[in-house]
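Chains as they are written, first to last, in numbering that gives the first Met the number 0: chain A, 0 to 394; chain B, 0 to 394.
Think of the hints as simulated: they come from the structure by calculation, not from any bench.
Any given hint could be a false lead.
Same chains, same label: a pair holds when it works inside one copy or across any pair of copies.
Here are the simulated lysine to aspartate or glutamate pairs, EDC-like style, with alpha carbons at most 20 Å apart [what the hints assert, rightly or not]: (1) K31 to E376; (2) K231 to E122; (3) K168 to D3; (4) K88 to E346; (5) K23 to E76; (6) K51 to D62; (7) K225 to D297; (8) K310 to E192; (9) K191 to D306; (10) K191 to E203; (11) K55 to E294.
There are 2 protein chains.
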Amino acid sequence: MISDKMKEYVVGSSLIRAMFDDSKRLISIYGKENVYDFSLGNPCFPPPEEFKDTLKKIIDETDPMVVHGYMNNAGHESVREKIAESINKKFNTDYNAGNIIMTVGAAGGLNVIFKTLINPGDEIIAFSPYFGEYDSYTANVSAELVKVPPVLPGFEPDLEALEKSITPKTRIVIVNSPNNPTGVVYSEETIKEIAAILRRKEVEYGLPIYIFSDEPYRELAYDGVKVPYITKVYDDTIVGYSYSKSLSMAGERIGYLLIPDEASGADDIISAATVANRILGFVNAPSLFQLAIGECVDMKMDIDCYDRNRKALYGGLTDIGYECVKPEGAFYLFVKSPLADDIEFCEKAKEFGLVLVPGTAFDCPGYIRLAYCTAYETIEKSMPQFKKLWDSVQA
Amino acid sequence: MISDKMKEYVVGSSLIRAMFDDSKRLISIYGKENVYDFSLGNPCFPPPEEFKDTLKKIIDETDPMVVHGYMNNAGHESVREKIAESINKKFNTDYNAGNIIMTVGAAGGLNVIFKTLINPGDEIIAFSPYFGEYDSYTANVSAELVKVPPVLPGFEPDLEALEKSITPKTRIVIVNSPNNPTGVVYSEETIKEIAAILRRKEVEYGLPIYIFSDEPYRELAYDGVKVPYITKVYDDTIVGYSYSKSLSMAGERIGYLLIPDEASGADDIISAATVANRILGFVNAPSLFQLAIGECVDMKMDIDCYDRNRKALYGGLTDIGYECVKPEGAFYLFVKSPLADDIEFCEKAKEFGLVLVPGTAFDCPGYIRLAYCTAYETIEKSMPQFKKLWDSVQA
Numbered sequence: 000m001i002s003d004k005m006k007e008y009v010v011g012s013s014l015i016r017a018m019f020d021d022s023k024r025l026i027s028i029y030g031k032e033n034v035y036d037f038s039l040g041n042p043c044f045p046p047p048e049e050f051k052d053t054l055k056k057i058i059d060e061t062d063p064m065v066v067h068g069y070m071n072n073a074g075h076e077s078v079r080e081k082i083a084e085s086i087n088k089k090f091n092t093d094y095n096a097g098n099i100i101m102t103v104g105a106a107g108g109l110n111v112i113f114k115t116l117i118n119p120g121d122e123i124i125a126f127s128p129y130f131g132e133y134d135s136y137t138a139n140v141s142a143e144l145v146k147v148p149p150v151l152p153g154f155e156p157d158l159e160a161l162e163k164s165i166t167p168k169t170r171i172v173i174v175n176s177p178n179n180p181t182g183v184v185y186s187e188e189t190i191k192e193i194a195a196i197l198r199r200k201e202v203e204y205g206l207p208i209y210i211f212s213d214e215p216y217r218e219l220a221y222d223g224v225k226v227p228y229i230t231k232v233y234d235d236t237i238v239g240y241s242y243s244k245s246l247s248m249a250g251e252r253i254g255y256l257l258i259p260d261e262a263s264g265a266d267d268i269i270s271a272a273t274v275a276n277r278i279l280g281f282v283n284a285p286s287l288f289q290l291a292i293g294e295c296v297d298m299k300m301d302i303d304c305y306d307r308n309r310k311a312l313y314g315g316l317t318d319i320g321y322e323c324v325k326p327e328g329a330f331y332l333f334v335k336s337p338l339a340d341d342i343e344f345c346e347k348a349k350e351f352g353l354v355l356v357p358g359t360a361f362d363c364p365g366y367i368r369l370a371y372c373t374a375y376e377t378i379e380k381s382m383p384q385f386k387k388l389w390d391s392v393q394a
Numbered sequence: 000m001i002s003d004k005m006k007e008y009v010v011g012s013s014l015i016r017a018m019f020d021d022s023k024r025l026i027s028i029y030g031k032e033n034v035y036d037f038s039l040g041n042p043c044f045p046p047p048e049e050f051k052d053t054l055k056k057i058i059d060e061t062d063p064m065v066v067h068g069y070m071n072n073a074g075h076e077s078v079r080e081k082i083a084e085s086i087n088k089k090f091n092t093d094y095n096a097g098n099i100i101m102t103v104g105a106a107g108g109l110n111v112i113f114k115t116l117i118n119p120g121d122e123i124i125a126f127s128p129y130f131g132e133y134d135s136y137t138a139n140v141s142a143e144l145v146k147v148p149p150v151l152p153g154f155e156p157d158l159e160a161l162e163k164s165i166t167p168k169t170r171i172v173i174v175n176s177p178n179n180p181t182g183v184v185y186s187e188e189t190i191k192e193i194a195a196i197l198r199r200k201e202v203e204y205g206l207p208i209y210i211f212s213d214e215p216y217r218e219l220a221y222d223g224v225k226v227p228y229i230t231k232v233y234d235d236t237i238v239g240y241s242y243s244k245s246l247s248m249a250g251e252r253i254g255y256l257l258i259p260d261e262a263s264g265a266d267d268i269i270s271a272a273t274v275a276n277r278i279l280g281f282v283n284a285p286s287l288f289q290l291a292i293g294e295c296v297d298m299k300m301d302i303d304c305y306d307r308n309r310k311a312l313y314g315g316l317t318d319i320g321y322e323c324v325k326p327e328g329a330f331y332l333f334v335k336s337p338l339a340d341d342i343e344f345c346e347k348a349k350e351f352g353l354v355l356v357p358g359t360a361f362d363c364p365g366y367i368r369l370a371y372c373t374a375y376e377t378i379e380k381s382m383p384q385f386k387k388l389w390d391s392v393q394a
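Bound conformation, chain A alone (with noise of 0.2 Å):
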């Protein structure tokens, strides 16, 4: 009865989520205490109390037709001025309400970027490993999603070969940094050269390609290291930001789009990206915790406790004797797997009540990712399972 497209979309549904319903399985057979659930880039850690007194005095002391009613389909004015505002103020840059628009998550502002610039028959391209949802959005628009690989075992995106996948019906360039899955964040000269890259083709072809900075983990980068605001470098530049990670609540549904002025065709972009998110039926991003982030712009999770669970897990696991490249940010470990194939391993270790997600997901077979976003007792317990699993898998 269904959709042909759905079809093989249900058929090959995440293998994130058929792990995370796996753990669920697992915890039934073994019991909580012996599940070690890797699997779903859930935060474990809760948004700051002061979050929770802003929506209570919100819902208490504004106007409930405006806490609950529709606004202008790119969200309130005085919330979209506020992150603006903020943005301004970290970056040294000059925007103003007009250049965002409040979405449904980062994935809410992907869509509505992909339905705003895409012809069916235009390509994206990604960065290998990658977010296994772009798939799905691409399929969305009829396009094509062209793949990059990396360099290894760094994980930095290979350049020359980004140079050669472009073609005139590139449109977008997804750059994913903090990245998931592998925690790489990009460096400033890596920004300034896929712009490089990508400004020799724009006059080439005469037409603009878009990067789409997806970056629901900008906030979370550790050892100091720092996140390269992408507008300052490339004109043609989106972002796309979600507060689902940066002040924990992925079930809200919360997130905008920044369209500069720089980009090329932005007044249109900003209109038909306006029209975009009505139609694609989200309409508008959910409105009390709109108006609780123009309260809570500058408001600052404590990532101590993801560090500590990096230092933790990346520790453990090389001492064992796994690889991975040390995460500088996000919340995800992305390790060498001990069988060829990431899905056997991924299915071995289940016996030991691991819950990981095969690379395969992420278009990188032979590599697993971790979610770090645990409590850190999980990742503790757990060293003795990853032991006995590195064990059982050495020939």
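Given chain A, work out where chain B should sit, using these hints.
For chain B alone, kept in the frame of chain A given last:
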């Protein structure tokens, strides 16, 4: 720079929204007290006071990771269970959590179902006049919207025309009762006749034809009129519900889909719709509002205020000489345009500070829509303006 499809959308962007923006322009010219905005279906009465308390109680007393984190893409199971129970109690049905998928409003639900069921080139039937966004949602899945004309003056669907409109490509018939824009509520008799036609055609073509019952206005029915529950009349029914109007929270984007076990391929549809919710970028309905709805599932708005508006506006306008069908539901009045050209008439109306929406936006030229979810005073004070407008267009 923007995609070809979006170019059309932006140019032809919703007449309703254009009117809404016009309202702001008129206010800046004539002053707020001289502009009477009947354009947008944005509820003018706040959610019940208890809803406020429920939100705050959840924020205070529930684990913030449950309140704000990811859950199953279909929504919180406890909430879906409560909604199913509430439906069962009201309509003597037998649903459970598995039949419910929480959505980003009714617009989200419609897009999820279209994505789930529709192949490019399939046909979706709507009864004119209809909510103009159906055009966009249909285009999102590259389907064709087939329009069945109304029987005038009562705006009941033309059932003979319906039967003739059905082809082997027909997958969905949208039923929207209480209706936007006419306010008409279809009787159980009408629903039974529609069901009989669809059943015949299902047999003839050997394929299921689904009714999508678009029910954001279900609770808004006056004079004791009954709104039939279509799943009880026709097995292949999918219900799309929204709390936007019934609890005055249009900006919060919260609703649900009901997919009964009796519908053909129900299991597949439920799985696929859950995946579609994710890959369209909704991911899940906003979490806090899901939980709040779970606590308020039987909460009722007082609709007397809308009823009072309805009587005042209907009585006032027909006294002046305007012709319209007396609406039994929703909060719209669909009035015959005194000028043959409804767009011209709406332009004329602006000179009197009246913001109306041309019927053309609902595939029904020659009429105008008035949303009476306004303050009562707006209706009272607008009457002399409607009289002047009437006089101004009499030949």
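Here is what the structure says about each hint:
Taking CA atoms no more than 20 Å apart as the test, K31 paired with E376 passes inside one copy only; the shortest distance there is 13 Å, against 59 Å between copies. With identical chains, the CA atoms of K231 and E122 are never at most 20 Å apart, being 24 Å at best within one copy and 47 Å at best between copies. With identical chains, the CA atoms of K168 and D3 are at most 20 Å apart between copies only, with a shortest distance of 14 Å across copies and 26 Å within one. In this assembly of identical chains, K88 and E346 lie within 20 Å of each other by CA distance neither inside one copy nor across copies; the values are 48 Å within and 44 Å between.
With identical chains, the CA atoms of K23 and E76 are at most 20 Å apart between copies only, with a shortest distance of 14 Å across copies and 42 Å within one. Proximity of K51 to D62 under the C-alpha cut-off of 20 Å is found in both arrangements, the shortest distances being 18 Å within a copy and 12 Å between copies. In the homo-oligomer, the alpha carbons of K225 and D297 lie at most 20 Å apart inside one protomer (18 Å), although the nearest pairing across protomers, at 51 Å, exceeds that limit. Proximity of K310 to E192 under the C-alpha cut-off of 20 Å is found in neither arrangement, the shortest distances being 30 Å within a copy and 67 Å between copies.
Proximity of K191 and D306 under a CA criterion of 20 Å is satisfied in neither setting, with 28 Å inside one chain copy and 62 Å between copies. Proximity of K191 to E203 under the C-alpha cut-off of 20 Å is restricted to the intra-copy arrangement: shortest distance 18 Å within a copy versus 63 Å between copies. Taking the shortest Cα distances, K55 and E294 sit within 20 Å of each other both inside one copy (12 Å) and across copies (17 Å).
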